[in-house]
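For reference, the chains in residue letters:
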Amino acid sequence: MNLTPESKVLIQGFCEFISGTHVAQMQAYGTNLVAGVNPGCGGQELHGLPVFDLVEEVIEQFGVIDTTIICVDPYDVLDAALEAIASHISQIIIITAGVPPLDMVQLLRKAEACETLVIGPNSPGIIVPGKILLGTQPSEFYTPGVVGIVSRSSTLTYEVAYELTKAGLGQSISVSIGSDAIVGSSFLQWLQILDEDETTEAIVLVGQPGGGSEEAAARYIAEAIDKPVIAYIAGRQAPPGKSWRQTGTLATVIGRDPNFGTAQSKLAALKEAEVPVAERPSQIPELLRKEIKIN
Amino acid sequence: MNLTPESKVLIQGFCEFISGTHVAQMQAYGTNLVAGVNPGCGGQELHGLPVFDLVEEVIEQFGVIDTTIICVDPYDVLDAALEAIASHISQIIIITAGVPPLDMVQLLRKAEACETLVIGPNSPGIIVPGKILLGTQPSEFYTPGVVGIVSRSSTLTYEVAYELTKAGLGQSISVSIGSDAIVGSSFLQWLQILDEDETTEAIVLVGQPGGGSEEAAARYIAEAIDKPVIAYIAGRQAPPGKSWRQTGTLATVIGRDPNFGTAQSKLAALKEAEVPVAERPSQIPELLRKEIKIN
Amino acid sequence: MDLLEYQVKEWFGKIGIPVLPSQRIDHPTDLKRLKIRFPIVLKSQVHGAERAKAGGVRFAETTIDAIAAAQNIFSLPIWGELPEVVLAESQYDANQEFYLAVVLDTAVCRPVLLGCKEADIDWESAGEKMHHVVVEQEFSPFYARRLALKMGLQGALMQSVSGVLEKMYHLFVQKDLDLVEINPLAVSANGQVMALNGKVRINERAIKRHPDLAEMAAKIISRHTSTEINGILGDWDGVKMHGKIGILGNGTGSVMATLDLVANAGGNPGVCLNLRHAFLTDTTPTTFRDRLETGLKILEADKSIQVILINFLGSIPQTEEVVEVIARVVQQNNSELESQVVRSNGSKIRQVQNFTPIVVRLAGSEFDAARKSLATLKTHSDALLVVENLDEAVAAAVRLAKPTANKK
Amino acid sequence: MDLLEYQVKEWFGKIGIPVLPSQRIDHPTDLKRLKIRFPIVLKSQVHGAERAKAGGVRFAETTIDAIAAAQNIFSLPIWGELPEVVLAESQYDANQEFYLAVVLDTAVCRPVLLGCKEADIDWESAGEKMHHVVVEQEFSPFYARRLALKMGLQGALMQSVSGVLEKMYHLFVQKDLDLVEINPLAVSANGQVMALNGKVRINERAIKRHPDLAEMAAKIISRHTSTEINGILGDWDGVKMHGKIGILGNGTGSVMATLDLVANAGGNPGVCLNLRHAFLTDTTPTTFRDRLETGLKILEADKSIQVILINFLGSIPQTEEVVEVIARVVQQNNSELESQVVRSNGSKIRQVQNFTPIVVRLAGSEFDAARKSLATLKTHSDALLVVENLDEAVAAAVRLAKPTANKK
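Chains as they are written, first to last, in my numbering: chain A, 519 to 813; chain B, 519 to 813; chain C, 252 to 659; chain D, 252 to 659.
It cannot be assumed that every hint is accurate.
To be verified - Calculated pairs, BS3-like style, for lysine-lysine (alpha carbon to alpha carbon, straight line, at most 30 angstroms):
hint	chain 1	residue 1	chain 2	residue 2
1	D	Lys-368	C	Lys-265
2	D	Lys-265	C	Lys-418
3	C	Lys-450	D	Lys-265
4	D	Lys-368	C	Lys-450
5	B	Lys-684	D	Lys-470
6	D	Lys-265	C	Lys-470
7	C	Lys-265	D	Lys-470
8	C	Lys-265	D	Lys-401
9	C	Lys-426	D	Lys-623
10	A	Lys-745	A	Lys-684
11	D	Lys-426	C	Lys-418
12	D	Lys-623	C	Lys-459
13	A	Lys-789	C	Lys-491
14	A	Lys-684	C	Lys-623
15	D	Lys-470	A	Lys-526
16	C	Lys-418	D	Lys-491
17	C	Lys-265	D	Lys-450
18	B	Lys-526	C	Lys-401
19	D	Lys-623	C	Lys-265
20	D	Lys-548	C	Lys-265
21	D	Lys-491	C	Lys-450
22	D	Lys-459	C	Lys-470
23	D	Lys-368	C	Lys-459
24	D	Lys-470	C	Lys-459
25	D	Lys-401	C	Lys-426
26	C	Lys-548	C	Lys-401
27	C	Lys-418	D	Lys-401
28	C	Lys-426	D	Lys-491
29	D	Lys-368	D	Lys-418
30	D	Lys-491	D	Lys-418
31	D	Lys-368	C	Lys-426
32	C	Lys-418	D	Lys-418
33	B	Lys-789	D	Lys-470
In short, the hints are calculated from the structure, not lab data.
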């Protein structure tokens, strides 16, 4: 993962999930946004960025691009990402929500073959407070510090950051892997990155019902993570249902717990791994202070 | 390319392009045929080989397979080859003729990504006289020696070998890359292999109308091949036509000669590269003797 | 979105999965023009499970029997749903019955093929009997053969079952499905296979890119109430609970966290809607503002909702317009309220009072202006509360949802 | 196999490529039930090129005009082909006309998108004007945008042209095509695009896996003579030359080499057939023996063929049966020959003599037995010659094809 402020960044598409304010915020943060790609709008200027029709035109003009932020319409995400991969862009952040899951399956097969890092979809991206902003995370909730945040949510990620900042706990890196059922990078990858990151001293994991990533993360934390980890799981009081994209009964037949996908299953796994769990976002700073000595 | 007699070989399918005689011939030649795969026939025995339903079953029983020889029906070739690739077989020889070209396009994209060597389709395979036979080349026309043969034809390949053997010129390796318009390995790859092969002292290139591989080979010979090369092109007297799979007029628009695909274009390219061209198969030994001193 | 059996079988037939001769019956008298041979089976076309147990499946040997049975089925609601169509189908002599499915497994991010040598399995104990194959790379028929072999099939039957799986997979990809299931796949004495019943679940996100599916969805939306729609189409836009506090948020996790906070503070969450992306029932593209308007309407129309809690943090698209929407709703409530006669009986007031107090939690620099402009609105004291702190907003919503308790 | 324009347009319409309202006319009187508006254009549905120049395209303003024009077209053969269908189509006001194609480029082993801002281009000088994009990896719409931009298009027109290319590509893959072409793609004053004419060439090898295409091919085969079939379906099984020596071989290169040897030895090669794989006209699976029988029949039925040269080397499937087929043909010829009265005039003998001498070249250990068994056949001296050396076989065939010269 290249998160240096020098790395060159592209925006593909300008759908409702990104606004002029977001672009201005990234630029104000010092992110090296070089251009936008919006087919049919080549030659125009948008939010102060030169706009091209094709990714390859951007590369011709600006050289290798490190990261692309994809904000095209949901049905165009696969195409935009394949275009980025064909242009050898190795980090893709997908902000767009509502991408059909079979498009993601196709994209992930390709990304794995090409060793492309895909973050999202339905992710507000990554922020390294005080250094670089890649995506739509509102920077005002962040302040530089030592707590790493890895989350599956969008808005809830900044909710947690806001609580930390209000409590005087700054952040090292905050990433949302995306709240969709099928996303690129996993909790495991990011726990490893945060564990290796020199600035990070403690990690906050933010989860929600659906899938099995929190359970996998819990096992991984017990096995491989040396830094203290605090978790928060939203949706404990929500009724279980397919609304939260559980695979339901069919999941059980392939060797999974019948509770698979529920907040309860996640809480049980975290308990098993002895990861402290916050009851509410505002309780996170308190739990963190018990684990690490900051301020 | 692994052409050692120890390498483990599998046969997928037993359609009309391979017979019991071919299998017996390979075995008599010492080729290490371990099994056959023929879906629906698992548990049977065919031509003295144990038959399985899946490639992975063979690998479970015999370990890593080096080469598979595909002889399934034309419409099943893509599936058989993808199954072999999924089982990490790195050399695929496709004997079957009549494979739809768009299946080959799909296979080649995958094979390139996985660095799998695909020979054929519509190829009788490879023979290293006296050592190993991979495919349906009739071994009786071959004798060990120093002449490498690389060809796009099937029967014509052994016709040439027969002429060499009758003239007392043995062969080092003989390969047919397949006479279809779209095939896996290219003349260029095999010219390089033969150029590097220690036994080979001279190379015979056998071409026919269609496509541009002979022209590419001619340029490559002029640039990169140190050993003497003799060529023979069949079909000089045949009328040009789509029958021989030329891309025709459409080819010209992407920067190609209007003669593209004709025997004449190939002959001109070989002349330009100063490669001696035989008038008929029986003339090849004579031209070879002029270039190298054998016997 | 789940299809009805007759729709599934139309798809199966088109893609080459063997199905029995059958005929769609829209009215009992259609049976007079039956093109298939007796004896037949008549099946109620509803979404609910266990229709056979409920009496939705009947056998008939003659036209008279069939008409009587169809009349019966047409007037029998199953899980509250009356069939619009009955399927008349030939009967089949099954020697064995299998279960086959292709399902999107979100945990491994790949489609999975499932197969079992028993049909109508008990899911609780399916583990050992059910076999699966993960479709790692682009599908090719060998994945289907892998499953058929794992199921313990051989020879011609292995080939025909894997052939059916292959077609199921193509349907799965072609139509963006979450699930395609054949249960049971019957095998006759001579080894012929036949899909006797099937299930297809379409991924809601992909509906709009398939004109035929969009049309089906539009029909369901126009014919059914919103609760039924959720049952039929799936309800990925939110959670339906039965409490008094309706929640609108921007993001699944945020809505969930708010719901938890409300419950922990002693409140009862009601319908919770995520406004981050288009609702399933939206047949045309929507903006955030549109979704907020729709969300407010849904909550206001819901009689059990006593308070609306809106939680926005960071940034939302079209901030200014969104504030206008909230302001308009609040002012409308206000004017309606002023024109009402306030009676002494609290409970009566709630009945006539046709507005719902709104608590708006806004945090982030983008909302600074919004907070100010909403604060200047002249409203009834409880009609609108704007706060920045989430815990405070939740406490206020819970307090407002218990007016009688407060007044004591 | 090339489709006719009306078939191409049906496909275009189904996949969403814009085409004009049109109607298939099977008989001039169909025009009385025309559903599209006048003025119309009537187009002969034949495979040959330049039909407009030949009079196969006519405009009509009224029903009477249209019927007269259609009668005219139905009775006008173009390159020897009478149309079975005439297409009636609306007219279109084109502002610009483009050329678009997707073609399988065998030299790069990939499909290629082609586009030009001119229609009906002169291929000799197309080089600079024609743009292309190689579809390296799995297709995605960005490849289409690449081409549209290379063509110099911008904005909405770039988008709509790349949208058409996208659909052309999907058709290309779905139906296993060698070529799909729109020429011209018209652009109206307001930027709307319309496919005015199209061409589709199906890869012959894939026909049998598409039931709809197999049916089309079967129709063509049943309606046309073998020469016409070659013209319409393509003739990848062999070469049609007009000499006296027919060649049967096993493999393209081998057949070609034999052809060259015959020509170099002063002979005239005639029809040359490769028996290695199924003929295009085979609607069911064939064996090598079947193809040999068919090949011999084709050559014997061809009046210009005086000698048949069979060249088999190495191994062929079903060796024994193949030898039987040759033996049977030779013995049949022999018995017919014996019953004939041999006249003194050489040329007259050739007219009554309804057998063709066969030279069989067999080399390889698998043929040892075959050579022996064929050698024992009792035949007229020229009826069958079995040799092992190719050059000798060719010399013999050339000699046999010049009976008069030899007799002088």
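Consistency of the hints with the structure:
1. D/Lys-368 / C/Lys-265: 40 angstroms, violated
2. D/Lys-265 / C/Lys-418: Distance of about 22 angstroms is within 30 angstroms: holds.
3. C/Lys-450 / D/Lys-265: 27 angstroms, holds
4. D/Lys-368 / C/Lys-450: Cα-Cα ~49 angstroms, so violated.
5. B/Lys-684 / D/Lys-470: Not OK: B/Lys-684 and D/Lys-470 at ~50 angstroms, beyond 30 angstroms, violated.
6. D/Lys-265 / C/Lys-470: 23 angstroms, holds
7. C/Lys-265 / D/Lys-470: Since the Cα atoms of C/Lys-265 and D/Lys-470 sit roughly 23 angstroms apart, the hinted pair holds (cutoff 30 angstroms).
8. C/Lys-265 / D/Lys-401: With Cα atoms ~40 angstroms apart, C/Lys-265 and D/Lys-401 exceed 30 angstroms; violated.
9. C/Lys-426 / D/Lys-623: With a Cα-Cα distance of about 62 angstroms, the restraint between C/Lys-426 and D/Lys-623 is violated, given a limit of 30 angstroms.
10. A/Lys-745 / A/Lys-684: 23 angstroms, holds
11. D/Lys-426 / C/Lys-418: 17 angstroms, holds
12. D/Lys-623 / C/Lys-459: Violated. D/Lys-623 to C/Lys-459 sits at ~72 angstroms, over the 30 angstroms cutoff.
13. A/Lys-789 / C/Lys-491: Between A/Lys-789 and C/Lys-491 the Cα gap is close to 29 angstroms, so the pair holds against 30 angstroms.
14. A/Lys-684 / C/Lys-623: 22 angstroms, holds
15. D/Lys-470 / A/Lys-526: 60 angstroms, violated
16. C/Lys-418 / D/Lys-491: 41 angstroms, violated
17. C/Lys-265 / D/Lys-450: 27 angstroms, holds
18. B/Lys-526 / C/Lys-401: 26 angstroms, holds
19. D/Lys-623 / C/Lys-265: 56 angstroms, violated
20. D/Lys-548 / C/Lys-265: Given pair D/Lys-548, C/Lys-265 is violated - Cα atoms ~40 angstroms apart, limit 30 angstroms.
21. D/Lys-491 / C/Lys-450: Roughly 55 angstroms between the alpha carbons, so the hint for D/Lys-491 and C/Lys-450 is violated.
22. D/Lys-459 / C/Lys-470: 39 angstroms, violated
23. D/Lys-368 / C/Lys-459: 34 angstroms, violated
24. D/Lys-470 / C/Lys-459: Given that 30 angstroms is the threshold and the Cα spacing comes to 39 angstroms, the pair is violated.
25. D/Lys-401 / C/Lys-426: 33 angstroms, violated
26. C/Lys-548 / C/Lys-401: 52 angstroms, violated
27. C/Lys-418 / D/Lys-401: Since the Cα atoms of C/Lys-418 and D/Lys-401 sit roughly 39 angstroms apart, the hinted pair is violated (cutoff 30 angstroms).
28. C/Lys-426 / D/Lys-491: 46 angstroms, violated
29. D/Lys-368 / D/Lys-418: 19 angstroms, holds
30. D/Lys-491 / D/Lys-418: Violated, because 36 angstroms separates the two Cα atoms, which is more than 30 angstroms.
31. D/Lys-368 / C/Lys-426: 36 angstroms, violated
32. C/Lys-418 / D/Lys-418: It holds: about 23 angstroms lies between the C-alpha atoms, which stays within 30 angstroms.
33. B/Lys-789 / D/Lys-470: 47 angstroms, violated
Hints 1, 4, 5, 8, 9, 12, 15, 16, 19, 20, 21, 22, 23, 24, 25, 26, 27, 28, 30, 31 and 33, counting from the list given before, are not met by this structure.
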